[in-house]
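Taking numbering that gives the first Met the number 0, I'd label the letters of the sequence shown as residues 0 to 256.
Source of the hints: derived by calculation from the structure; they are not laboratory data.
Where is the CB? At the ideal position from N, CA and C, for every residue including glycine.
A couple of the hints might just be wrong.
Have a look at the derived ranges for each label pair, beta carbon to beta carbon [said to hold, decoys possible]:
{"hint": "1", "residue 1": "Gly-50", "residue 2": "Thr-165", "range": "27 to 33 Å"}
{"hint": "2", "residue 1": "Arg-103", "residue 2": "Gly-143", "range": "28 to 34 Å"}
{"hint": "3", "residue 1": "Leu-162", "residue 2": "Pro-192", "range": "39 to 45 Å"}
{"hint": "4", "residue 1": "Arg-156", "residue 2": "Asp-201", "range": "36 to 42 Å"}
{"hint": "5", "residue 1": "Pro-175", "residue 2": "Pro-24", "range": "38 to 44 Å"}
{"hint": "6", "residue 1": "Leu-224", "residue 2": "His-124", "range": "20 to 26 Å"}
{"hint": "7", "residue 1": "Gly-101", "residue 2": "Leu-123", "range": "24 to 30 Å"}
{"hint": "8", "residue 1": "Gly-174", "residue 2": "Arg-54", "range": "17 to 23 Å"}
{"hint": "9", "residue 1": "Pro-178", "residue 2": "Arg-17", "range": "37 to 43 Å"}
{"hint": "10", "residue 1": "Gly-229", "residue 2": "Arg-54", "range": "31 to 37 Å"}
{"hint": "11", "residue 1": "Phe-161", "residue 2": "Glu-255", "range": "47 to 53 Å"}
{"hint": "12", "residue 1": "Arg-173", "residue 2": "Glu-220", "range": "20 to 26 Å"}
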Amino acid sequence: MPLAPHFRAMLRTKDGVRIDAAHTPPYDTPRPAADLGVVLAHGFTGGWRNGTARRIAHVFSAFGGVVCFDFRGHGRSGGSSTVGDLEVLDLDAAVRHARSIGYRRLAVVGFSMGAAVAVRHAGLHGGVDAVVAVSGPARWYYRGTRPMQRVHWVIERPIGRFLARTAKRTRIARGPWDPIPLSPHEAAPLISPTPLLVVHGDRDAFFPIEHAHQLYGAAREPKELWIEPGYGHAETAATPGLIRRIGGWIRTTLTEA
0 MPLAPHFRAM LRTKDGVRID AAHTPPYDTP RPAADLGVVL AHGFTGGWRN GTARRIAHVF
60 SAFGGVVCFD FRGHGRSGGS STVGDLEVLD LDAAVRHARS IGYRRLAVVG FSMGAAVAVR
120 HAGLHGGVDA VVAVSGPARW YYRGTRPMQR VHWVIERPIG RFLARTAKRT RIARGPWDPI
180 PLSPHEAAPL ISPTPLLVVH GDRDAFFPIE HAHQLYGAAR EPKELWIEPG YGHAETAATP
240 GLIRRIGGWI RTTLTEA
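Required output: the full structure, derived from the provided sequences and hints.
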């Protein structure tokens, strides 16, 4: 089956960064409610043009319209990645765009870094009707797994940033955070009364499931936790079946709201 068509848009954040985005209208089999939308927030070094991201958007389009975008410093978006800090402004621009094209009921689904941004955005900015955090960290500076040690090496070393720019088209800002932004688990209680779904795999090589439990434990109701047997990390490990289940949760949650 061919992927659903998409329509490009160039957005601008409140701090003036250009954000490359795309809109996939609702797919009409089965026909979803026309005013339900999903905003997808990708993981570090990802992007909406990635084949995996496009397939996820296609599955979600059976439940509502989908807005995808590249975070700052990624792909064709401007600026430099701050790895979860100022990215809340990028997500906010995508949410405002989704509202402007007619989506009255809106869920944000974030993966990995995008999950941290989705939680922080909902807690600090609001403006969404449901949040799904998939494979996200609960706290900053985690180095307890080998993959996360490699991520920190890429972020902190000049050669790492060079490799990210040339191999992954990801431009990373230099220097440490100042000030340190509010962490996901600190932002989680601020989301209520917006519903939160935390999804995490028991084979996540980046963040062990303690992160999911910490995030869920910090959040207030309404909230839900799915620990997925055999699931790895973020977009690359997400099966169509899992995405359809998340889509079903969004549709049920936003219909009952």
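Hints versus structure:
Range check, Gly-50 to Thr-165: Cβ separation about 20 Å, and the 27 to 33 Å hint is violated. The hinted range of 28 to 34 Å is not satisfied by Arg-103 and Gly-143, whose Cβ atoms lie roughly 41 Å apart. Taken as a hint, the range 39 to 45 Å holds for the pair Leu-162 and Pro-192, whose Cβ atoms sit roughly 43 Å apart. The beta-carbon spacing between Arg-156 and Asp-201, approximately 31 Å, falls outside the hinted interval of 36 to 42 Å.
Checking the proposed 38 to 44 Å range against Pro-175 and Pro-24 shows it holds: the Cβ atoms sit about 41 Å from each other. For the hinted restraint 20 to 26 Å between Leu-224 and His-124, the CB-CB distance of approximately 23 Å keeps it satisfied. A C-beta distance of roughly 25 Å is found between Gly-101 and Leu-123, which places it inside the suggested range of 24 to 30 Å. At about 36 Å, the CB distance of Gly-174 to Arg-54 disagrees with the hint of 17 to 23 Å.
One distance hint, 37 to 43 Å for the beta-carbon pair Pro-178 and Arg-17, is violated here, with the actual separation near 25 Å. Checked against the hint of 31 to 37 Å, the pair Gly-229 and Arg-54 fails, with Cβ atoms roughly 19 Å apart. Taken as a hint, the range 47 to 53 Å holds for the pair Phe-161 and Glu-255, whose Cβ atoms sit roughly 49 Å apart. Judged by the Cβ atoms, the range 20 to 26 Å given for Arg-173 and Glu-220 is violated: they are separated by roughly 41 Å.
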